[in-house]
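Asks: If you want the building blocks of each chain, they are given just below.
Number of protein chains: 2
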Amino acid sequence: MTMFDTTTPAAPVVPSHGRLRPLGLDEVRITGGFWGERQAVNASGTLPHIESRLESEGWLPNFDLAAAGTLPAGRRGREFADSEIYKFLEALAWEIGRTDAAGDSELEQRFRRVVDRVAAAQEPDGYLSTMFGREGQGERWSALQWGHELYCLGHLFQAAVARVRTRPDADDGLIDVARRAADLVCREFGADGRDAICGHAEVEVGLAELGRALGEQRYIDQAALFVDRHGRGTLGEIEFGREYFQDDVSVRDAEALRGHAVRANYLSSAAADVATELADESLLDALRSQWDRTVERRTYVTGGQGSHHQDEAFGDDWELPPDRAYSETCAGIGSIMFSWRLLLATGEAQYADLIERTLFNVVATSPGDDGRSFFYANTLHQRTPGVPADPDATSPRASSSLRAPWFEVSCCPPNVARTFASLAAYVATADDDGVQLHQYAPSSVRTTLPDGRVVAFDVETGYPADGDVRITIAADAEFTLSLRVPSWASGAAVRVHSGGEVTESDAPAGAVAVTRVFRGGDTVELSLPIVARATAPHPMVDAVRGSVVIERGPEVLALESIDFGADVGEAVVAGEPVERDGRVVIPLRRRSSGETVDASLIAYHDWARRGPSTMRVWIPMN
Amino acid sequence: MTMFDTTTPAAPVVPSHGRLRPLGLDEVRITGGFWGERQAVNASGTLPHIESRLESEGWLPNFDLAAAGTLPAGRRGREFADSEIYKFLEALAWEIGRTDAAGDSELEQRFRRVVDRVAAAQEPDGYLSTMFGREGQGERWSALQWGHELYCLGHLFQAAVARVRTRPDADDGLIDVARRAADLVCREFGADGRDAICGHAEVEVGLAELGRALGEQRYIDQAALFVDRHGRGTLGEIEFGREYFQDDVSVRDAEALRGHAVRANYLSSAAADVATELADESLLDALRSQWDRTVERRTYVTGGQGSHHQDEAFGDDWELPPDRAYSETCAGIGSIMFSWRLLLATGEAQYADLIERTLFNVVATSPGDDGRSFFYANTLHQRTPGVPADPDATSPRASSSLRAPWFEVSCCPPNVARTFASLAAYVATADDDGVQLHQYAPSSVRTTLPDGRVVAFDVETGYPADGDVRITIAADAEFTLSLRVPSWASGAAVRVHSGGEVTESDAPAGAVAVTRVFRGGDTVELSLPIVARATAPHPMVDAVRGSVVIERGPEVLALESIDFGADVGEAVVAGEPVERDGRVVIPLRRRSSGETVDASLIAYHDWARRGPSTMRVWIPMN
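Chains as they are written, first to last, in my numbering: chain U, 600 to 1221; chain S, 600 to 1221.
Just so you know, the hints here were simulated from the structure itself, not pulled from any lab data. A virtual CB, placed ideally from N, CA and C, is assigned to each residue, including glycine. Don't take each hint at face value.
[Said to hold, decoys possible] Okay, the calculated bits of chain U under chain S, using three or more residues with CB under 8 Å as the criterion: (1) 911-917; (2) 1108-1115.
[Said to hold, decoys possible] Going by beta-carbon spacing under 7 Å, a handful of chain S positions derived as facing chain U: (3) D768; (4) D770; (5) D915; (6) R982; (7) S1043; (8) T1047; (9) G1051; (10) A1142; (11) R1144; (12) A1165.
Given only the sequences and the hints, what does the whole structure look like? Please build it.
Replies: Here it is as structure tokens:
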């Protein structure tokens, strides 16, 4: 294990040790391509859209009412509305870091204006909530089951982490706000305090990272306390069962992620942080084993998690119906958070594989082209054409059948925003010997190894449209460049042009390492075979037996009725998928007429961008 | 169409005209067998259990508080708790009729004691609710979307119908209570009154039948008004969409049942009543067409309806996942109510077929052996062993994985009780020419045709264990005996022994009619081939593609882990089902080990009676 300087990288997760060291937004920049476009739309579309909605929905003005002492009159939004402001602040902080915005930039000014309003609402002892603690409201900490009081603070802490990691010297005051709130949480819920947890995990992961960022072991210990208190039934019974908030068995004893899929992933992420910081190998092993079973048995082919609409929860093992797959966008983001921590701890490529699958097929699916509408849930089979959402309206949670501009429970839009703004942090890592490239995007990487060697290279690629990744070294250095080879990429190869020599080798799934005394201008070319392939389901997954899904590289493909000329319920596979004019085409029989047609498939993340349609990912073989 | 005397038959549904005339509990008696046993347990177990729970949960005492003028303090239960008392009264009334209990019997005294407490809570103008209308409560009719105020009154009306049909001269006062409440509803919601409906259909079907029972056309007209007001959005928007309470499109324009499955069936039942009473053929045609599509595309092989836990609702066409099939017991009962009305109107055997399927596989599945625990939802695939319910506890709605004694929403137990107590009414009907036997059970039938001919016969059968049904004529008369031949019974035959002659003929699916001058002692023997058969799913039902269900006669069979020696997720069909020693045995391969074992299948309604297990109805072919 390598010990790191924990304060440096401008990244969301910076463990004090682990197999891999994260790189910050100042070390890795995405310069274009699939993700670069999404980052641009996130900046131009999503962030202003969220800010406008937080204002017009009254969720940000709630803080003004708190400061004015007039709450609860006029408070708007659900019990967790505060958290959306914090996620927005986190997204802005990463965006400032990503674009290296100046102190007098418009971004900075927007950030500071929101921080001022939040800070004004904080009470002298550090308490901060627009929902509790005043006359006419519930008492502080009186509604831990559903109140989301600590959950909101967890997001405040993550916002502060983003700020301190990107602008450590900023004088806006957010860090102090977070510190005062975290101190209060430690006083109230410490070992001698209330023996209680929040019904929605999040404060744990926020506290752990704030502790890392500020060098406050107390916060990490408090996170560990909260993690350990799960599974003792202190939250009481609810209709969905105690597994809903992971209060049924301890984090150590659980066999798989279960219950509410966002809660489960946030808690698992925090548990991974705690396991790392406390060097608790048995906890880490338990989490890895839970991840294995969850990915094998409780995860959709898209990477989506959560089979149930009713409780937004994981189903039983193998219960993965494509109809009404819930696959909440936020659960996908939570899964990335959890996998990322295990990747940093272990260096194993499987975690980066799932992150890629989830990024392309869940997170990229959510936002509309202009970044101003979103899927909350991500079904794998739409049986009736979706109904366009009113662009001025607020949709109930997951009921919109096409992307909607905002939700009563609007966790997903700011969650997407903070993920896209910080996405470069998930592209590459470093260790003592070199750099590991986990995700392929046009990008530039500049970092310094512990012994002072400077690693600098640029990545060019059309990924995932094509699988050629060309890395050009920008500075002389001896180091190991490790390239992830996705599990689907059988037949991959790597070619190194170095000092006039060309070396070729196979690149089996996992990772391929190239160690060289690299010279500026050397190139490493990874060729990933990106062709359409038919994937059969695991035989234990009853709901898609006798069907196949067509995948292409990291992308799951989908059939949309608009490309089939009939409802997708009519489709039966009648041959192999082929690539034709840059499209994947598959012969499909129409069940009623018996007629066979060649239909184009689209990337799943591109569905419902051309108006109402029916859509399916799994296509029957008969 | 025959015009009937609408006041006579002691039956839940007595249309003024139609293809078939219902027979009352005094005309048809179930004398033993499968359903006779369940009626006995209903009387000895379920009715006392319900009464005790209504008392201990405080739902019946709510009426005492109302009478004492102390509400809302101390009121217990959900907004629809009153309705359970009315369903219990309805069940008791049918039980009194079924057993011909004397006026001084214990059953009668129990009935009257409850009626007294209900009557004492009624307000002078006829209003009756423990939930609304007092200081500290919501105003009358102020919460139609979720308040269930009119819904409760609908059940009051059905209780009164049961009473007036079984004890028309009783002086307990329930009829007057119902009449005063119905008059109030007509004043408040008549053509010149509030243009509104209740969020849960039921008042419509209650009003229509009360109108029939009391000869009050006003009540039928009010039912018609409520039916017609559906689909105009007066209930407003909710997260589940307006189809949840069938307020999305008009009853006439709908293409299938949709939304909440109990609401949908209750409304459709009322619409069928209205169509019949107002001779509205186009409405009847619309309902028949909706029934067709619902049964083809939105109904489980068990007859169960409702695919979603979240909103207890129908899914889209072909969306029938066996995992977490909701298939609420009450939706099955509602489906029987709807089908029965269409059967009376048209005489078509398909409606009786669905009733039989639903009775054996949904309604019979709900109660435990002692009639004191119940399934609320009826999944077709249990992936993890159920957890036994605490016999003293009250379970959240459908979350119990084994039968539970009571629920916070406890609609199902009293719904089962009223259905079993009145079950004989669904066995046979009459027309001008004779009697139609729709359901096979040991029973005796005694009725008089319009022209005075007395039809009397007794039915002996071991159905559904075997398919031999022997009808022995008890009185000389010329009439037509029509016997339903279920759609699955290919190869059925009928043999008539009459006046020393024996006549045999094939009995194709639908119905076989035997017209004779019958003499006492003549017999008609129907042989239904009851053998295990493998049924493939409709190819459009994705969730069970590549699987089969084994059926035997009207019963759907299930595989329980206890008979397989392994989790049912491991099972793959490896041969044909055979009957051996009175059991259906099927060779099954265990997926992990490859080993093949002969496993007994049980009737689905018998599952979870031997402790926790996993269970599935659809078994994969590979």
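Asks: Hint by hint, say whether it matches the structure.
Replies: Structure-based check of all given hints:
1. With a threshold of 8 Å between beta carbons, the proposed coverage of the region 911-917 of chain U by chain S holds, since 4 of its residues qualify and at least three are required.
2. Under a criterion of three residues with beta carbons nearer than 8 Å to beta carbons of chain S, the stated coverage of the region 1108-1115 of chain U fails, only 0 such residues being counted.
3. At a threshold of 7 Å, the smallest CB-CB gap from D768 of chain S to chain U is about 46 Å, leaving the interface hint violated.
4. Taking 7 Å as the C-beta cut-off, the interface hint given for D770 of chain S is violated, the closest approach to chain U being about 44 Å.
5. The beta carbon of D915 of chain S comes within 4 Å of a beta carbon in chain U, closer than 7 Å, and the hint placing it at the interface holds.
6. Look at R982 of chain S: its Cβ gets to within about 4 Å of chain U, closer than 7 Å, so that hint holds up.
7. For S1043 of chain S, the suggested interface contact is broken, since its CB lies about 46 Å from the closest CB of chain U, more than 7 Å.
8. With its C-beta approaching chain U no nearer than about 51 Å, T1047 of chain S sits outside the 7 Å limit, and its interface hint is violated.
9. At its closest, the beta carbon of G1051 of chain S sits 54 Å from a beta carbon of chain U; the interface hint therefore is violated under the 7 Å criterion.
10. Interface hint at A1142 of chain S: satisfied, since its Cβ lies 5 Å from the closest Cβ of chain U, which is below the 7 Å cut-off.
11. The interface hint given for R1144 of chain S is met, as the beta carbon of that residue sits about 4 Å from the closest beta carbon of chain U, less than 7 Å.
12. A cut of 7 Å between beta carbons decides the hint on A1165 of chain S: the least distance to chain U is about 13 Å, and the hint is violated.
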